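These protein sequences, in sequence, are chains Z and S.
Counting from 5, one number per residue, gives the positions in the first sequence under the working numbering.
Counting from 504, one number per residue, gives the positions in the second sequence under the working numbering.
Be aware that a few hints might be false.
Quick list of in silico lysine-lysine cross-link-like pairs, DSS-like style, CA-CA up to 30 Å [unchecked claim]:
id, chain 1, residue 1, chain 2, residue 2
1, Z, Lys202, Z, Lys218
2, S, Lys649, Z, Lys27
3, Z, Lys15, S, Lys675
4, S, Lys649, Z, Lys61
5, Z, Lys27, Z, Lys202
6, Z, Lys8, S, Lys675
7, Z, Lys15, Z, Lys27
8, S, Lys653, Z, Lys27
9, S, Lys675, S, Lys653
10, S, Lys653, Z, Lys15
11, S, Lys675, Z, Lys27
12, Z, Lys8, Z, Lys27
13, S, Lys649, S, Lys675
14, Z, Lys202, Z, Lys135
15, Z, Lys27, Z, Lys61
16, Z, Lys218, Z, Lys135
17, S, Lys561, Z, Lys8
18, S, Lys649, Z, Lys8
19, S, Lys649, Z, Lys218
20, Z, Lys61, S, Lys561
The hints are simulated quantities; they were obtained by calculation from the structure and are not laboratory data.
Just so you know, these numbers come straight off a predicted model, no measurement behind them.
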Amino acid sequence: MNGKRENRVEKIVSDLLRGRRLKLRGGDAEEKAAITTAARLAGARQGPQRMQPAFRKRLARALEQPQGEGWVTRRAALVAGLGLAAGAAAGGFASRAFEPQPVHASDPIRPSNGRWIDVAAMGDLVEGQGKRVTAGGVGAFLFRHGDEVTAVSSICSHLPCELWWDGGHSHLVCPCHPATFAADGHPSDPYRHSALNKVYVRVVGGRVEVLGTK
Amino acid sequence: MTPDETAAQAQAEVVELPAASRATDIALNELELVYAFIYARVGNRADAEDLTQQVALKAIPRLRQNAAASSIRGYLFATARSVLGGFWSTRLGLSEAELREDLLLAPPTDPPSEEGTETVQRILVELSDNYRRVLELRFLHGYSLKEVAKEMNSTVGAIKVMQLRALRAAAKVRPE
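Next up, chain S with everything else stripped away, as it sits in the complex (with noise of 0.2 Å):
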C-alpha cells in the first residue's frame, strides 16, 4: 500500500467510525503486532500480556491523538524495546547495556509479526547437527529431555549438557 492509500484509507475510517472507536482500532491492530514482537522475545503468554499492556499504557497519549496507523507503529515499537529491555534487566539484575547483545531488539521488518520465527530458523541453521537437533526436538518439537535423550541414543545428564551448549551456541549466531 502506498503512502497516499495508507491515509486515503485512515481518511475513510475517520468518516465510517466515531472517533473514539477508530483510535481504538487502529491501536488493537498495532498492539497485536506489539504482542507478537514481545511474545518471540519473552516466550510465554503472561509475560507478553504485561509487557504488552505496559506499552499500551504508556502509549495512551500518542494513541488518543487518533493519528494513523503508520505514524504509531514507530512509537509503539520504540516504546515495546524499551518495555522489554527493562523487563530483562530488572529480571537478570542487569543493567540494559549489559543486556544490549542477547536481546536482540533490533527493530522489526515487516511484518513484525513473522521476524521472530524467521531469525530463529536462521539461527538454528548455524549451529551444529547435535546443537541444532537437540533444540529442534526441544523447543520446535516438544519433546522432554528423556524422549530427546531416546531420540538421540544420549542419557538425560548428557541432553541437559548439551542443550545449555546448544543454547549458548545460538545465543553467539547472529542471523544476517
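Extracted from the complex, chain Z is given alone in its bound form (with noise of 0.2 Å):
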C-alpha cells in the first residue's frame, strides 16, 4: 500500500460512503479486513437494500429470456475482464452467455526497438522446467518442447511482481499474491487473472534468442 494507509483505506471509506463502487488495488490486500470491514459498515449505513426497480426489470427479463439466451451488462461484463466490445452490450445486454470463458493469451511484447537477444543454449535447456532469462529490458521464462521453445514473459499478469518457477509443481507462481501460470502463460488458479504476455523467441543455430531490448 503506497502513502500512508490511513489515507488510502479513507479514500476508500470516503468512496464507499458517496456510494461509489469499490477501486483497490494490489497493495490494499495489507489492510484487507480493515476495508471488508468498512464495506460492512457502509452497506449497513442504511439498513437493508432492496433493489433498484430497473435493476430488478432487468433481472426479471433475463429470467423470463428462453434457455441459452445469455445475458449481461457492459459493467459487468468490464469487471469480469470478458472484454466484450463496448457496441456489443451497448442495450445494457448481450446474447451471450455469461460464463466462465477460456482465458486467451494476451498479446506477445513487440519492443518498438526490438532486437534479438541471444540468451540461452538450446543445452541449458530442460525439457519441463522453466528458465528465467532477460533480454536487456524484457523478463522471459523459456521452455522447451522437443526442438522448439515458447517464452512468456516473467511478470506476473495482475500485480507487477516477478515470477519464480515452482519445478515441483511446474508452473510459474507470483510472490505477491497466489497466483500461479501453466507453462503456456494461462492460468493454473481458479481466479480467471489474464494469461501472461507471451516472448517473441527464436532458435538460430542452437542458440535461444528472444526479442528484448537493448
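Please assemble the complex out of the two chains, which come individually in their own frames, going by the hints.
Given below as C-alpha cells:
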C-alpha cells in the first residue's frame, strides 16, 4: 500500500460513503480486514437495501429469456474481464452467456526498438522446466518442447511482480499473491487472471534468442 | 409458516399463475434477499447489482425448474457466498482461503435482509468508546472527517488514524 495507510483507507471509506464502487489495488490487501469491515459498515448504514426498480426489471427480463440466451450488462462484462466490445452490449445486454470464458493469452511483447538477444543455448534448457532469462528490458521464462522453445513474460499479469518457477508443481508462481500460471502462460489457479504476455523467441543454430531490448 | 403451508402456497401459485411468471416472481423475491445480503458486504449499489446479476445468471438453470422458494434459497445463498468470495479475492489479489476470516460469509439468518445491520451493531458494541464513536459518526451518521474531528475535539489527521485503527479493531470482533 503506497503512502500512509490511513490515507488510502480513508479514500476507500470516502468512496463507499459516496456510494461509489470499490476500487482496490494490489497493495490494499495489507489492510484487507479494515477494508472489508468498512464495506460492511457502509452496507449497513442505511439498513437492508432493496433492488432499484430498473435493475429488478432487467433481472426479470433475463430470467424470462429462453434458455441458452445469456445476458450481461456491459459493466459486469468489463468487471469480469470478458472484454466484450462496448458496442455489442450497448443496449445493456449481450446475447452471450455469462459463464467463465477461456482466457486467451495476452498479446506478445513487441518492443518498439526490439532486437533479437542471445539468451541461452538449447542445451541449457531442460524439457518440462522453466528457465528465467533477460533480454535487455524483457524478462522471460523459456520452455523447451523438443526442438522448439516457447517463452512467456516473467511478470505476473495481475500484480507487477517477478514470477518464479516452481519445478515441483510445474507452474510459475507470483510472490505477491496466490496466482499461478502454466508454462503456456494461462492461469492455473481458479482466479481467472489474464494470461501472461507471450514473448517472441527463436532458435538459431542451437542458440535461443528472445526479442528484447538493448 | 410450516413446511406444509409453504408447499400449499407454492401449489396455489402454480394454479393461479403461468409457470414462467411464477418462477420469475419467486426468483425475484429470493434475489431481493440475495441483493440485501451482498449489499451488506460490499457497501455500494454498483457492485451489489453486478454480483446479484452474477448469482442470478449462475442460478438460472435451477430457477427454471420451477422449484419452490424454500428449495432455491439455499442454492442462491451458496452461490452468493461463492460470488462474493471471488469478488474480494479478485479485488484484493488474495486467495479466498486467505480472506475467509475477513469475509464473514456465514449463512444468513432468517430473515437474511436484516442480518447485516444487526451484526454491525453487535460489532460496534464491542469496541472502545472512541473507536465506536468514530465509526458511528462516519458510517452511520455520514459525518465527514472534519465534522468527526470537530465533534471529538481532535484533528483530521488523528481521526484518520483512529478510523483505520477502529476498522482493524472492528474486523477482529466476531459477533455471537
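Sort out whether Lys561 (chain S) lies within 30 Å of Lys61 (chain Z), counting only the CA atoms.
holds (18 Å)
Check the hint pairing Lys27 (chain Z) with Lys61 (chain Z) against an upper bound of 30 Å on the C-alpha distance.
holds (27 Å)
Verify the proposed pairing of Lys561 (chain S) with Lys8 (chain Z), using a straight-line Cα cut of 30 Å.
Given that 30 Å is the threshold and the Cα spacing comes to 40 Å, the pair is violated.
Given pair status - Lys8 (chain Z), Lys649 (chain S), alpha carbons within 30 Å:
holds (18 Å)
For the pair we were handed, Lys218 (chain Z) and Lys135 (chain Z), check the Cα-Cα distance against 30 Å.
holds (20 Å)
Between Lys202 (chain Z) and Lys218 (chain Z), is the straight-line Cα distance small enough, at 30 Å or below?
The given pair, whose Cα atoms are some 19 Å apart, holds under the 30 Å limit.
CA of Lys649 (chain S) to CA of Lys218 (chain Z), is that 30 Å or under?
Violated, at about 52 Å.
Take the C-alpha atoms of Lys649 (chain S) and Lys61 (chain Z), compute the straight-line distance between them, and say whether it is at most 30 Å.
violated (40 Å)
If you draw a straight line from the CA of Lys15 (chain Z) to the CA of Lys675 (chain S), is it 30 Å or shorter?
Roughly 22 Å between the alpha carbons, so the hint for Lys15 (chain Z) and Lys675 (chain S) holds.
Between Lys653 (chain S) and Lys27 (chain Z), does the CA-CA distance stay at or below 30 Å?
Holds, at about 29 Å.
Given hint Lys135 (chain Z) paired with Lys202 (chain Z) - CA-CA distance at most 30 Å:
holds (15 Å)
Within a Cα-Cα threshold of 30 Å, do Lys8 (chain Z) and Lys27 (chain Z) meet the stated pairing?
Holds, at about 17 Å.
Of the numbered hints given earlier, the model fails hints 4, 17 and 19; all others are met.
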